[in-house]
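Enquirer: These protein sequence lines map, in sequence, to chains A and B.
Each residue of the first sequence is one higher than the one before, starting from 1 at the first, in my numbering.
Each residue of the second sequence is one higher than the one before, starting from 1 at the first, in my numbering.
None of these hints come from the bench; they were simulated from the model.
Owing to the predicted nature of the structure, the values given are computational and were not obtained by experimental measurement.
C-beta atoms are modelled at their ideal positions from N, C-alpha and C, and glycine is treated no differently.
There could be a bad hint or two in this list.
Claimed, not checked - SDA-like cross-link-like pairs, simulated, lysine to any residue; straight-line CA separation at most 25 angstroms: (1) K191(B) <-> A549(A); (2) K577(A) <-> D212(B); (3) K574(A) <-> P302(B); (4) K206(B) <-> E522(A); (5) K577(A) <-> F374(B); (6) K297(B) <-> E575(A); (7) K566(A) <-> A271(B); (8) K577(A) <-> P302(B); (9) K449(A) <-> I17(A); (10) K572(A) <-> G343(B); (11) K191(B) <-> E373(B); (12) K566(A) <-> P302(B); (13) K566(A) <-> H329(B); (14) K191(B) <-> R526(A); (15) K320(A) <-> P297(A); (16) K14(B) <-> L555(A); (17) K566(A) <-> L372(B); (18) K574(A) <-> H369(B); (19) K449(A) <-> R468(A); (20) K2(B) <-> Y559(A); (21) K557(A) <-> F325(B); (22) K577(A) <-> Q347(B); (23) K284(B) <-> V72(B); (24) K191(B) <-> R551(A).
Claimed, not checked - Ranges between beta-carbon positions, derived for each pair: (25) G200(B) <-> M423(A): 44 to 52 angstroms; (26) P525(A) <-> T285(B): 42 to 50 angstroms; (27) P525(A) <-> K14(B): 31 to 39 angstroms.
Single-letter residue listing:
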Amino acid sequence: MPNRQSKVRNFCIIAHIDHGKSTLADRLLELTNTVALRDMENQLLDRMELERERGITIKSKAVRMSYMALDGESYELNLIDTPGHVDFSYEVSRTLAACEGAVLVVDATQGIEAQTLANVYMALEHDLEIIPVINKVDLPSADVESVRHEIEDVIGLPAADAPAISAKTGLNVRDVLEQVVKQVPPPSGSEEKPLQALIFDSYYDNYKGAISFVRMVNGTVRPGMRIRMMAQNKEFDVTEVGVFRPQLVGTDALFAGEVGYICASIKNVEDTRVGDTITDAQAPASAALPGYQECLPMVYCGIYPADGAHYEEVKLALEKLKLNDASFQYEPETSVALGFGFRCGFLGLLHMEIIQQRLEREFDLDLVTTAPSVAYQIRLHNGTLITIQNPSNLPDVSEIETMEEPVTQAHIISPPDYLGAIMELCQEKRGVYENMTYLDPTRVQINYKLPLNEIIYDFFDQLKSRTRGYASFDYEVTGYEASDLVKLDILLNGDVCDALSIIVHREKAYARGRSIAEKLQEAIPRQQFEIPIQACIGGKIIARETVRAYRKDVLAKCYGGDISRKRKLLEKQKEGKKRMRQVGSVEVPSEAFMSVLKMD
Amino acid sequence: MKGLYVHIPFCGSKCLYCDFASYPRREADMPGYVDAVLREAEMRRAQWGSFAPDTIFWGGGTPSLLPVKEFVRLTKGLGEVLDLSRVREFTLEANPGTIDEEKLAAYAACGVDRMSLGLQAAQPALLKAIGRRHSPEDFARSVVLIRAAGIRRVNGDMMTGLPGQTVAQARETARFLTDAGVSHVSCYALKVEEGTPLYGLREAGKVQVPDDDAERDMFHAAREVLESAGYARYEISNFALPGEECLHNLLYWRRGQYWGLGCAAASFWGAERATNVAEIDEYKTFIDENKLPIAGKEELTPEDAAFEEIMLGLRLTRGVDCPGFALRHGWDLRERYRETIEGLKAQGLILQEGDRLRLTRLGMDVQNHVLLEFM
Numbered sequence: 001m002p003n004r005q006s007k008v009r010n011f012c013i014i015a016h017i018d019h020g021k022s023t024l025a026d027r028l029l030e031l032t033n034t035v036a037l038r039d040m041e042n043q044l045l046d047r048m049e050l051e052r053e054r055g056i057t058i059k060s061k062a063v064r065m066s067y068m069a070l071d072g073e074s075y076e077l078n079l080i081d082t083p084g085h086v087d088f089s090y091e092v093s094r095t096l097a098a099c100e101g102a103v104l105v106v107d108a109t110q111g112i113e114a115q116t117l118a119n120v121y122m123a124l125e126h127d128l129e130i131i132p133v134i135n136k137v138d139l140p141s142a143d144v145e146s147v148r149h150e151i152e153d154v155i156g157l158p159a160a161d162a163p164a165i166s167a168k169t170g171l172n173v174r175d176v177l178e179q180v181v182k183q184v185p186p187p188s189g190s191e192e193k194p195l196q197a198l199i200f201d202s203y204y205d206n207y208k209g210a211i212s213f214v215r216m217v218n219g220t221v222r223p224g225m226r227i228r229m230m231a232q233n234k235e236f237d238v239t240e241v242g243v244f245r246p247q248l249v250g251t252d253a254l255f256a257g258e259v260g261y262i263c264a265s266i267k268n269v270e271d272t273r274v275g276d277t278i279t280d281a282q283a284p285a286s287a288a289l290p291g292y293q294e295c296l297p298m299v300y301c302g303i304y305p306a307d308g309a310h311y312e313e314v315k316l317a318l319e320k321l322k323l324n325d326a327s328f329q330y331e332p333e334t335s336v337a338l339g340f341g342f343r344c345g346f347l348g349l350l351h352m353e354i355i356q357q358r359l360e361r362e363f364d365l366d367l368v369t370t371a372p373s374v375a376y377q378i379r380l381h382n383g384t385l386i387t388i389q390n391p392s393n394l395p396d397v398s399e400i401e402t403m404e405e406p407v408t409q410a411h412i413i414s415p416p417d418y419l420g421a422i423m424e425l426c427q428e429k430r431g432v433y434e435n436m437t438y439l440d441p442t443r444v445q446i447n448y449k450l451p452l453n454e455i456i457y458d459f460f461d462q463l464k465s466r467t468r469g470y471a472s473f474d475y476e477v478t479g480y481e482a483s484d485l486v487k488l489d490i491l492l493n494g495d496v497c498d499a500l501s502i503i504v505h506r507e508k509a510y511a512r513g514r515s516i517a518e519k520l521q522e523a524i525p526r527q528q529f530e531i532p533i534q535a536c537i538g539g540k541i542i543a544r545e546t547v548r549a550y551r552k553d554v555l556a557k558c559y560g561g562d563i564s565r566k567r568k569l570l571e572k573q574k575e576g577k578k579r580m581r582q583v584g585s586v587e588v589p590s591e592a593f594m595s596v597l598k599m600d
Numbered sequence: 001m002k003g004l005y006v007h008i009p010f011c012g013s014k015c016l017y018c019d020f021a022s023y024p025r026r027e028a029d030m031p032g033y034v035d036a037v038l039r040e041a042e043m044r045r046a047q048w049g050s051f052a053p054d055t056i057f058w059g060g061g062t063p064s065l066l067p068v069k070e071f072v073r074l075t076k077g078l079g080e081v082l083d084l085s086r087v088r089e090f091t092l093e094a095n096p097g098t099i100d101e102e103k104l105a106a107y108a109a110c111g112v113d114r115m116s117l118g119l120q121a122a123q124p125a126l127l128k129a130i131g132r133r134h135s136p137e138d139f140a141r142s143v144v145l146i147r148a149a150g151i152r153r154v155n156g157d158m159m160t161g162l163p164g165q166t167v168a169q170a171r172e173t174a175r176f177l178t179d180a181g182v183s184h185v186s187c188y189a190l191k192v193e194e195g196t197p198l199y200g201l202r203e204a205g206k207v208q209v210p211d212d213d214a215e216r217d218m219f220h221a222a223r224e225v226l227e228s229a230g231y232a233r234y235e236i237s238n239f240a241l242p243g244e245e246c247l248h249n250l251l252y253w254r255r256g257q258y259w260g261l262g263c264a265a266a267s268f269w270g271a272e273r274a275t276n277v278a279e280i281d282e283y284k285t286f287i288d289e290n291k292l293p294i295a296g297k298e299e300l301t302p303e304d305a306a307f308e309e310i311m312l313g314l315r316l317t318r319g320v321d322c323p324g325f326a327l328r329h330g331w332d333l334r335e336r337y338r339e340t341i342e343g344l345k346a347q348g349l350i351l352q353e354g355d356r357l358r359l360t361r362l363g364m365d366v367q368n369h370v371l372l373e374f375m
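The following block holds chain A by itself, in its conformation from the complex (with noise of 0.2 angstroms):
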């Protein structure tokens, strides 16, 4: 092994939201003076607005740190930051395939979580070396003892070491890296061996074309080489090579067992899809590395302007947001209610609920949402398989033969006490119980089956209000079932309105059809005349509500000093006209398509 691989140590870091991650990176990055103090941001890697403010990293990103260990030898560490989220899974394994070991913090206050786990059983099926930390030390509620046997206790590593540190302060945390270099192997593979680089992220920087992030696992990478990307058969150019400190820093070439960056004059972002391996085209590798799967969304939605006539603005901003996030799909739709806009599908409801935001915060948009729902397996009495992503795309009854949807595995991590109200809760959401385990004597883990279908209609607000915000919960999906699904339609004075149109479990039909129906009584405001609303199945009537006729709508007084103030009150009243959206003779606002997704 040539001396250079035998001082790199690659790694990450994993943990439960809010459990530290991005501060202990900090602190990792001016322990090694990667960053000068001055230029110290609160969570450095977390670089994008929305990130810093919910205190989550979405996108996996990484660094070089030049470290004197107190062994008196200079070692290069590689960290990779992961996102902490299942929706982002994917992701998070091919990071872990770029790493030999990972830190796995654990919050003192707070004991391991359900995404620790996630995270810790992912690390163990990557064969990475694990090393437990105990952080946030500092606080008075800490109980370092209690969490080092959980450690040992559920996840089965030794902890009696474990660093017991405190990443706000900086207490111990040389210990960490002290740890990294004792315990993380170096990388093995070859410089002299044919050329194969795992991407683990991709990003689009507007004058580099894509960036791919790489783990260089055989051989070495140079400016001028063909390149190959093995999963989409495609070749380009080098241009460029270099590391991240954080800021990206060209070198002369990348070897086997580091990590750094190539470009290549990609136009394309899908180009540099992760869990992709890069080669050499003049001599590429003979396979390529395991594991690459095409990420398919899960969760879909309609994203529209809530002024038709910005359209394009939207079209263009999922352009942007789609050169830099891959796994994020859009394609046009039209529906009869709210114009021209787009189904889009997404990783899951974080990462919905992620490009939503940025649409309306970094591009400044006016959006209407149509309420999520997944995508459904459909076979027709014709034998032909379907899956559809729209509700309303939904062929008649009479054409189906059997309808599946996805399901999934869901973990929660609750203290005994709410344990009949998170049962409660999966019972009334189609959940299937499966297994239950004490963690220690205050908290316990809840295995259920349960529907996607019933995750993406307000469980994460229920769980939290019925555990007051002390369970945690992840999920994966595992598959697809047969259900007695059918399709919900809200009719509005007689016409379907086919933005609201959802499918739900027969059983869940009419109650959810009530809850609809009186939410838009509520949104919808009274107009000329009476308007019924109702949930209908296949034209049988389920619900009913009325948006009683205005009787009223003028203003009482209008003398000389009022005339100009009424002329602008009514150019106001005009422009909340315009975003209004005609369905059939109803006006509808916009905001009544997204207040059918709140809960009760």
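Starting from the known structure of chain A, fit chain B onto it as the hints suggest.
Expert: Chain B only, in chain A's frame:
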């Protein structure tokens, strides 16, 4: 027709629903204010030239709070700056209980021929609930005094949709006004404006204000009483015995030109609409510095002017005169909005009678909805 509006911002106490420029307990400022208004009239004349209004309206506040001396000084002073020889109507707003024989004699002597009095409600409990200090009897006595002073034309204001008001009470109030013998009634729906004490009380849940449906029931109950007593509804909120319509207000709705003097007063001159600053001291400061006290103004485009004529004309029962409109604006309302008008007719909101386009009774209740169709 041209009009003159004079704003008198003083009042005895502020009603809970009031969001006008009116300031209680500022008696000491009255002489200075009169000086400032007279000075503004001179400044306006210097800018706009000589002015001979056909109508005069003093509003407030409570103009009747001015001491006789100041009232006389202001009317006489205005008479020196402006040509008042063509005046056909001179209205003064007053509150019941603030006028006596001496004041009324002075008003009549100075040419006031119409008074406007706020009754609002004929129930003492309702009056108290909205912060009015007079009783229904004060109102009736004031009407008698006004008549005795030789001022024949009297308007009474009433309100619908007051906190706790019933349909029967609205009817009773309308009946009280017709019994009192007023010649004109303005019947306004209460609007709870942000920033008023009533708004705060409502938000805090301490006061319940009837909803729109209940308010309309009250309004139409009052309307029926007034109409059957011979008061014709000639505007959305105004009723008059034959020939007793308020000329000054008709001028507003017919887009006549007017000067507004005093704080918060509005003017419409040429193609410009302008509003004076609302606050007394700020107003005086402008005048002291020899500057016109303008808070905001706008130059109307031809489209603005045309829309205003629709907006204001459709307030009137007689509606908009289409050939006249075409002459003034160069295009025919009935042609450009043919489909809109047909749609509104089908909804029962608008009527076309000969050359006139007017709102139905139903249309008057939802005038905003109709106007949006013409934007």
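Enquirer: Hints first: check each against the structure and report whether it holds.
Expert: Cross-check of the supplied hints:
| no. | hint | in the structure |
| --- | --- | --- |
| 1 | K191(B) <-> A549(A) | 20 angstroms, holds |
| 2 | K577(A) <-> D212(B) | 20 angstroms, holds |
| 3 | K574(A) <-> P302(B) | 19 angstroms, holds |
| 4 | K206(B) <-> E522(A) | 23 angstroms, holds |
| 5 | K577(A) <-> F374(B) | 13 angstroms, holds |
| 6 | K297(B) <-> E575(A) | 22 angstroms, holds |
| 7 | K566(A) <-> A271(B) | 17 angstroms, holds |
| 8 | K577(A) <-> P302(B) | 24 angstroms, holds |
| 9 | K449(A) <-> I17(A) | 23 angstroms, holds |
| 10 | K572(A) <-> G343(B) | 23 angstroms, holds |
| 11 | K191(B) <-> E373(B) | 24 angstroms, holds |
| 12 | K566(A) <-> P302(B) | 17 angstroms, holds |
| 13 | K566(A) <-> H329(B) | 21 angstroms, holds |
| 14 | K191(B) <-> R526(A) | 18 angstroms, holds |
| 15 | K320(A) <-> P297(A) | 18 angstroms, holds |
| 16 | K14(B) <-> L555(A) | 22 angstroms, holds |
| 17 | K566(A) <-> L372(B) | 12 angstroms, holds |
| 18 | K574(A) <-> H369(B) | 10 angstroms, holds |
| 19 | K449(A) <-> R468(A) | 23 angstroms, holds |
| 20 | K2(B) <-> Y559(A) | 14 angstroms, holds |
| 21 | K557(A) <-> F325(B) | 23 angstroms, holds |
| 22 | K577(A) <-> Q347(B) | 19 angstroms, holds |
| 23 | K284(B) <-> V72(B) | 20 angstroms, holds |
| 24 | K191(B) <-> R551(A) | 15 angstroms, holds |
| 25 | G200(B) <-> M423(A): 44 to 52 angstroms | 47 angstroms, holds |
| 26 | P525(A) <-> T285(B): 42 to 50 angstroms | 44 angstroms, holds |
| 27 | P525(A) <-> K14(B): 31 to 39 angstroms | 32 angstroms, holds |
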